Every structure is written in C-alpha cells, then in structure tokens.
Amino acid sequence: SSDFGSRSSQLRRDTQTPAGAASPRPHQRMAPRALHVLAQIVPLLPLLFALPTGAGIALPSDNDLSNFRLDPAPFHTEWTDPRLLGDKVARPGFQTDAVLPGGGVGGSSSSWAAHPWVDRLYPFAWEREYDGALATAWSRRWWWLSYVAAATYVIGLCIGTSSMKDRAPYSLATALACWNLLLFAFSFVGMMRTVPHLVLMIGEFGLEYSVCRSARVSYGKGAVGLWVFLFILSKYAELLDTAFLVVRKRKVSFLHWYHHCSVLLYCWHAFMWEMPAGIYFAAINYSVHAVMYLYYLLAAVCGRPPRWGLLVTILQLVQMAVGIMITLFHLSILSNGTVPNCDGHIPNLAAALGMYASYFILFARFLMSRYCSTREVDGLAKAKKAD
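For the sequence shown, the UniProt record's numbering gives the first residue as 1, with consecutive numbering after it.
Hints are supplied without guarantee of correctness; some may be wrong.
Claimed, not checked - Derived Cβ-Cβ restraints for the label pairs, each shown as a range:
1. ARG307 - PRO340: 48 to 54 Å
2. TYR258 - GLU129: 34 to 40 Å
3. LEU311 - LEU134: 22 to 28 Å
4. SER162 - LEU240: 29 to 35 Å
5. PRO306 - ARG141: 29 to 35 Å
6. TYR170 - ARG120: 25 to 31 Å
Read the hints as simulated data drawn from the structure, not as lab findings.
This one's a predicted model, so the numbers in the text were calculated from it and none came from an experiment.
Where a beta carbon is used, it is the ideal one built from N, C-alpha and C, also for glycine.
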C-alpha cells in the first residue's frame, strides 16, 4: 500500500493547482481534521493492556506452539520438513479437527467456515479442500527466501534507477492498466475470501479466540487458508510495482521501498510461524488494496486520478491503527496470561508493532504533505503546541 505515496503524487502533479492560485480544496480542509482524530486515538492504544481478556476461553494444551518455534533442531521434525509429511499434519500430535463449542471454525467443516451459508462464497472444490500444512512446512524449510528476495529487490532498484538515468521513460500505459486490473481483481477476491471468515469467527467465538487459537485451526484450511497463502506470495509479485515506477522514471520514495521490503519479510515470517492474528492482517490488507488498485486502474484508464485519493490514504492509516491495536491486544493476553494456552510469538508481535507504528508515522506524514495546505498544517501545529 505504500505504492500509493509514490504513484498518487506523480498522478496528481500534472493536474495540481499552482500554490496560491485557488483556495484549499475540500479534501485539504478535511485532511487535518482526519489526522487530528487519529492522533487523539493512538495514545489510547496502550489502554488495551488493561482490558479484561479471555473470559470463558478454554484452549487445548496443544494450541500453544512456542515449544515448536524454539526447537533447536527444527529441520528434523515433521513440523518443518515437508518430506516427512505424507498424509499427516505438519505438527506431531496436533489435532486439526479439535471439537470446539458450537463446531464451525474449529470443527472439521470442509469449508472451514463459521456458518454453512458461507459455502456459497467458496464454490470451488479446490479451494474448500485446501490444507495449509504443506505450504507452511515449505515456508519454514525455505525461511531464507524472503531475505534473498528483499536484498535482490533493493539491489535491483539501485541498478534500475541508475540505468534509467540517461534513458527516456517508457509509457507502458496499457501494461500498467492491465497490471492494476489484475491486482484489483486479486485483492477483491481475497477480501471476499477472508473478511467474511474473520467476521463470523469473531462473532462465533469472540475476539480472544481470533488472536489466540492456532492459525492451523482458525484459518489454516479451506478457501480462507488458500487465500492467506496467496496473500503471502502476492508480496513477491507486488515488487513489480516498483519496476513500473523505475522504467517510467517516477520517484521511488523511502515509504515505497521500505514498505515493500519490510512487509515481505514480516509476512513470510508470520506465515512461517503460523501467527494467529495473521488473518486480520491479510483481510484488512486485501480490503485496502482492493480500493487502492481500483483507484490506480481508474487513473490509468481515464488519464487522470480520481478525486477520492484522500480516502485511500485514510484507509491506509486506519489499517495501520487496527494493526497496532490487534498486536497490542494479543501482547496483552500473552503478558497477562488470561487465556491459557494462547498461541503467539512475541518476537514476531514486537516486529509487527514496530512495523505498523513506522507505517502509521510515514503515512501520516504523507497525508500532511500531500493533502494539507501549508496554512492549515501550521495552524494545526500551533494549536497542538498551545494545548
């Protein structure tokens, strides 16, 4: 989603009104207010540690996977070596079909959905029959792949930018429109596969369950499990966004390349260790990307950006705020011990907290510089100083 920062700035540059030529647009007047509201919410996030959590939640002892994550010789276990899998699950002794109150998500439903009517959203057998055991095992076996990809990406960015310095930019209008159409369609389908599952899982079992139950049980099978795996793989494909910027000689901002590198590394690590809250990150990111790539698609087809670019930036800020809240909520449960056998990996959660906090700051700065007039930014700063 950081791609919005580089690409929307370039899209708007050709149609932007010169400074002082007109009064601030409505979105310029609204942006400081939206950011001010978000700034009031963020300091309240630590209060999540004081929330009562885990009432009535009873998870089996094999739900906590911390011992497997600390295994000193992980590649000699069925959990990490797909060659030992066969028809077995990727973790010795772990019951993927544990019977939970009410059945549904934690049961042996072929669709792995909380309610039968959700089957209508998953019409294909190859989606419903997906089991993520092999995919997660391979991700642990190939743990280094994301690091190689991130390093190659940064090196390729430097080489590509240098090689294009004395060359004319490529247009690639048709290719760019097709690329945005593909990513919009992919993100929309991913949203339809993950958001209903997440909402119904929370409604059926509660918020604590959604961040504590092992990923293998809560969202590791069926269509939702498949599309979470595709979400992880899509972070590699989205590196092509940068290639389009480079060959078209558009500026690649720090926000852009930092986001692509860090989200690739984090998502692979979270998927590798089967983080329970991963369903939140995938569902929200799919949703925001569906809106964002629709924006790019319309801009490419119409030749000018739509007027609702501010909405995309606000959605991105909301995504980061929700990511921070969910991560703090999960950390509070683990630190307080209010949910016995709650699964989680504190180093990964710490990385998520740092990642989302840095994204929030960078996107907030982008919103201020992109949508707020200088007069309003100065006024907001003075008001904050006066408080």
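Evaluated hints:
Distance hint check for ARG307 and PRO340: the Cβ-Cβ separation is about 51 Å, which falls inside the suggested range of 48 to 54 Å. The hint said 34 to 40 Å for the Cβ distance between TYR258 and GLU129, and at roughly 38 Å that hint holds. A beta carbon spacing of about 39 Å between LEU311 and LEU134 contradicts the range 22 to 28 Å that was offered as a hint. Here the CB-CB span from SER162 to LEU240 is close to 19 Å, at odds with the stated 29 to 35 Å.
As the Cβ distance of PRO306 to ARG141 is approximately 44 Å, the hint placing it in 29 to 35 Å is violated. Separation of TYR170 from ARG120 is about 43 Å and departs from the stated range, judged on CB atoms against 25 to 31 Å.
Going through the hint list in order, the structure does not satisfy hints 3, 4, 5 and 6.
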